[in-house]
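A.B. asks: Based on the hints, put chains U and L in the right spot on chain S.
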Amino acid sequence: MSTAHSSAHGDQPVMTGVVDGVATFDPSGAFDEHRPPDAALVGDCVHCGFCLPTCPTYVLWGEEMDSPRGRIYLMKGALEGEPMTDSMAGHFDACLGCMACVTACPSGVQYDKLIEATRGQVERNHRRPLRQRLLREAIFATFPHPRRLRLLRGPLRAYQASGLQRVVRRSGVLRRLPTVIATMESLAPPLGPSSSARPLPERVSARGTRRATVGLLTGCVQGAFFPGVNAATARVLAMEGCDVVIPRDQGCCGALSVHNGREAEAKKFARAVIETFESAGVERVVVNAAGCGSSMKEYGELFADEPEMAQRAAALAALVRDVSEVLVELGPVAQRHPLPVTVAYHDACHLAHAQGVRAQPRELLNAIPGLELREIAESEICCGSAGVYNLLAPHAAEPLGDRKAANVLATGADVLVTANPGCLMQVATAFRRRGAAGSAIAMAHTVEVLDASLRAVPAETFQKRSLLQK
Amino acid sequence: MSSPPTDPALQASEISDVLAELAKACDDQVRRAEDGDEVGGLPARLVAAPGSTREAADVLRVAADHRLRVVARGHGTKLHWGATPSGVELIVDTTRLSGVVEHAAGDLVAVVGAGTALATLQEVVGGAGQELAFDDPLGSTVGGAIATSPSGPRRLLRGTLRDLLIGVTFVRSDGVVAKAGGKVVKNVAGYDFGKLLTGSYGTLGLITEAIFRLHPRPVRSHHVTRTISDAADIGPALRAVLASQTVPSAVDVDWPAEGPRQVSVLLEGTEDGVEQRADAVARLLDTDVGDGAAPPWWGHYPFGPDDVAIKLTCPLTEVGTTMRRAHARAAEHGLSLASRASAAGVVHAATPGDGPPEAVASLVHELRAGIAAYDGSVLVLAAPQPLREGLDLWGPVPGLALMRRLKHELDPVHRLSPGRFVGGI
Amino acid sequence: MATTAQRRPRDLDRLAARLRTVLGEGAVITDRNRLRTYECDGLAHYKVTPAIVVLPHTTAEVAAVVRACVDERVPYVARGSGTGLSGGALPSAEGVLVVTSQMRDILETDAPGERAVVQPGVINLHVSKAAAPEGYYYAPDPSSQQICSIGGNLAENSGGAHCLKYGFTTNHVTGVELVAPDGEIVRLGGKAPDPPGYDLLGAFVGSEGTLGIATEVTVRLLRAPEAVRTLLAAFPSTDEAGGAVSAIIAAGVLPAAVEMMDALAIEAAEAAVHCDYPQGAGAVLIVELDGPAPEVEAQFGEVQRHCRDNKAFEIRIAADDIERALFWKGRKSAFAAVGRISPDYIVQDGVIPRTALPAVLRRIAALSDGEQGQGTEGPSGVRVANVFHAGDGNLHPLVLFDESVPGEAEKAEAISGAILDLCIEYGGSITGEHGVGADKAKYMPRMFTDDDLDTMQMLRCAFDPLGLANPGKIFPTPRLCGEVPGRHKGVHPLAASGVAEVF
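Chains as they are written, first to last, in our numbering: chain S, 1 to 470; chain U, 1 to 425; chain L, 1 to 503.
In isolation and in its complexed conformation, chain S is listed as follows (with noise of 0.2 Å):
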């Protein structure tokens, strides 16, 4: 509403007749003339404030510049010609990009679409701090690239193995190194023998009869650091009747990227995944962590200004699924074993709130006998992980994943099940931070507990294997 409100008396300006909606775009302000946040999109938020509570910047800090509509207004200063300062950056830098104010949205304010053009212009129009500068390169030179990821397995691996982990733990060295070296350290988990990490063959057939052919993406650090999700998500498709087309030379999909504002990098990556499925000849492309496919999803939008790029990247993204979506789409017809475990569902921020996918998960475990399925407290807040942002603002990731452990170990459970190799990593870290009382449980992906059921894998030993990822 734009109707000029004056003051009733002199001395307190009770209205200014600043429009709601923005004006036109500054572009001597904060951002440049390339893809800037809609402003029509700004305009959508009526600052009810109902997205807030599931900020989890807010719900840690509680301000308002760190909530999303708090975030808008910044990108609305910005389009009217704030310029972009050290604060401005920082408090969209602090943005997890867990999209629940976009569930909780009443006005349907695309936040995801903001955020992302806003991190764009972050990227080209602010200088971080020369440690911030250092730490992104080092990150982005290492997780979007599956091999450098494996690489360094080995070191991390025997690093762990030989104990010296735990005296350098105990020693506080830590402290003394680099913030990113001490935050990836912690983060990694325990490795389990190379074998494990051994290639999947380029296709796995369907058992019985064949009801579709689906292309799986392995992904970066899932491939990496959870070669045990890849596996039992190509053994649960093949169980349920599809054929798997895994494609070797497979890149990062290029969600890191997008989600840091790394436009070119994102396109890069995105445009080789694309023409790698395309080929593939595949009904489907089976994502199995979160992050990878809500960004895969929307490659149409990421292409939007390259018209013949675009349209085949929307056609892909129309074939991306989650593993859950597909085996639900599917419907069952391997037999379920009995698997008698108490599991608490963490729903991945990118599974929920970006795609949407809440209850097929939860499906897929309550169909499974003998199995317990409870529900996570605070469920709709990130545990802190949102990709890379672990590493980029441990301050902030530290205490959210403190307080989903919290959560989770109060449900009793005995696994905790996720679909996110992130998540399991910034949870698992944060649990281990807890010491005994964190120990207790096993962590799976919800694929594997599905593995585990369909191959009549024990309970114990299930538990067991699932303890020893950690």
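If you're looking for bench data, these hints aren't it; they were derived computationally from the structure.
By construction, the Cβ of each residue, glycine as well, lies at the ideal position given by its N, Cα and C atoms.
One thing to keep in mind: the hints can contain errors.
[Said to hold, decoys possible] Short derived list, chain U residues pointing at chain L, Cβ under 10 Å:
| no. | residue |
| --- | --- |
| 1 | I15 |
| 2 | V176 |
| 3 | V188 |
| 4 | Y301 |
| 5 | Y374 |
| 6 | G376 |
C.D. replies: Below, chains U and L alone, put in the same frame as chain S:
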């Protein structure tokens, strides 16, 4: 202050002029004070009975012009409550401000003159199957009840008058008419003066009209009553009923000076509903449902006009303890004590007004010391002379400085019920 | 004598520095971008960027902030979650915004004592969540309960859908610790009822931040009802739905909630939350009964009968909590959901006697179909969606318009004001729960006389003679408080004679 102070404002020579002005202001309904026209033992000089808000305003303007100190009086049932005023020249008799002005049955709202008997109001709205969900222990007028805020058993579910009063018209000490609230229950426009006036002992303004929210009168009421032989069982009995799903309208305890203690639970609602809930309460209290009649003590204060009337408040988990402590302390002082409690956290107690003043003062003092631990309060509502002299009626009053400032704004020269309220207000 | 009008120019930098020494660097905001995120509350078309925002953590810190403001004669405004819909937390441009969002601990839940003690920044719904394991809840439930703060609820005397039966915030607060406008910390009430003296607590609740800042609040907890039954009834139009409401109330049933939405509001809710209300409904009613199971059972059939008698063409009964939540989801998200069907809109909040509902709705329809609104000429053509707490006559007309069409905003504003005039004409109120704030101060003289308003301001002067606490709210014109307490012009004869003490 047993003797009236010399009157600096109203000289004998002035009286006839003042009478004439008052007569003009309120349609000749004015007279010189007679025997019984007194407040807390203090005789007044004049009595005026305005018949409308406008007349009331004119009367207070005359009073202001002549610096008369004013006390409002309805049925006079609680005129002995509170401290003795520092002086009173004019009693404003509110009983001509009477009548149910409007009963909007479909909206469950009634507009009523301040001098109307509560009983009359109940009769009128009762005709439409409605009620003001307020127990009137003393037969008050509307204005008198608002000014002193007595309460009965059903405060547990419905709250006190403050929770039922949705609009009020009153006359300030300078004769200006003001109103707050309105005729709709849901209303947050402006400050809630109704709440400020409730229990203000006439020190902020003269209430002339009130608007209440009403409730549908329940189809069925049933009391489940049992005798409590061990006083230690009072607290657990109250807690059991409150924690149950029976939603009682009232849970009161009677502890007479002599005779058996009783707890009685009032259930109100539909025929079937009340029957089942009464069964449930009877089981909880390990007694039978009975005939459903109210016990004889129900809805009455334990004190008479000659008693020291004490009101204790406490968290609702402490009602049993508060009663036991009060009776134990009274016994130590050789004082007879009768008490009645609402499970909402209010205990009314009575000790005879002819007891030794030091003993009564010590009792009040000790009760206050005991209740301080859980931010309750102990008020002496009324005490006969000369007991009142040695008593601190109010005890500590948090926020007193703000209250004094409020009084100062609305009645800077303390014309209305001066000295009758907390902190000498 | 000091008044707002006579404040000296002040050094806000000096104030900020002082606040930093008290609160610490991180709790005092002066960065322009950050300040701007606080420039409005839930009523986003009023914007004032505050000079300083502070985020105190304790009562002592709030008191220190207020004292600093008093020393510097700088106005201050308290803000909770910033969801208010009357601009009650609109900052002062040369003032301090005191944000209570860091004070968010539930200090105690005492289920047997039916009380909870909370800090002002605690979110309304969190109180109920904390009490739920023991079977208790906090009754006032504004639609924004998932985010609005208890402190804000206190300031606005918030209601909610269930206040028909259970009352408002003022009926559910038994104690408060507050920082008075002079910086003094005052406790009023506590767990026990009926604190002695004036009911300042009753005046404080709903005073919209003009009488001080609540720093700790004791609220009542209620036993969670044994049974809750909810139905959704679809009617051809609001007339029939209104008839059903009257019939239910006339029958002596006191539902926990009776909510109505008209066709346009239903359309918005469908677009936003896919609540799947019956097709083709001109109005829906949500009626909820709660209480002891036998009572609810006895009355639920009666409610259904009254709906059918008034031409309800479909009645759905919530089978479980999930379905009940879906019924409510449409209603509770209705305001923001209107953003889906209209680029801009005004949320109005007025009250009428329940029995006037059909008449007033017709008048509102006439306004939007072309009856002259104040200051408008000819057919307005402005669409109005209606959402109400029908049980207590609390209307929430949503006046839709498009900012980008010249003249529409003004027309919408005129219709919105005309609706308030209707409320007053029918003996109602200009606000049932959103408060007066900055938005409706100008309407106060339509509802109250100058004397009424002047009297109310005497209360304000008693608390805040300097006029620093949330200035510009509630009252269209500030009253110059005559005297600062403690200093008087002269001695009155009565006082001089020793008859009247002046305190």
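A.B. asks: Do the numbers back the hint for Y301/U, that is, is its least Cβ distance to chain L under 10 Å?
C.D. replies: Cβ of Y301/U sits 15 Å from chain L, so the hint is violated.
A.B. asks: Would you settle whether the hint for V188/U is holds or violated, based on the nearest Cβ-Cβ distance to chain L being less than 10 Å?
C.D. replies: Holds. Min distance 5 Å.
A.B. asks: Quick check on I15/U please, does its C-beta sit within 10 Å of some C-beta on chain L?
C.D. replies: violated (18 Å)
A.B. asks: Is the shortest C-beta separation between V176/U and chain L less than 10 Å?
C.D. replies: At about 5 Å, which falls below the 10 Å cut-off, the nearest Cβ of chain L leaves the hint on V176/U intact, so it holds.
A.B. asks: Hint check: is the beta carbon of Y374/U less than 10 Å from a beta carbon of chain L?
C.D. replies: holds (7 Å)
A.B. asks: Hold the hint about G376/U up to the distance rule: shortest CB distance to chain L must be less than 10 Å.
C.D. replies: holds (4 Å)
Violated hints, in rising order: 1 and 4; the structure is consistent with all others.
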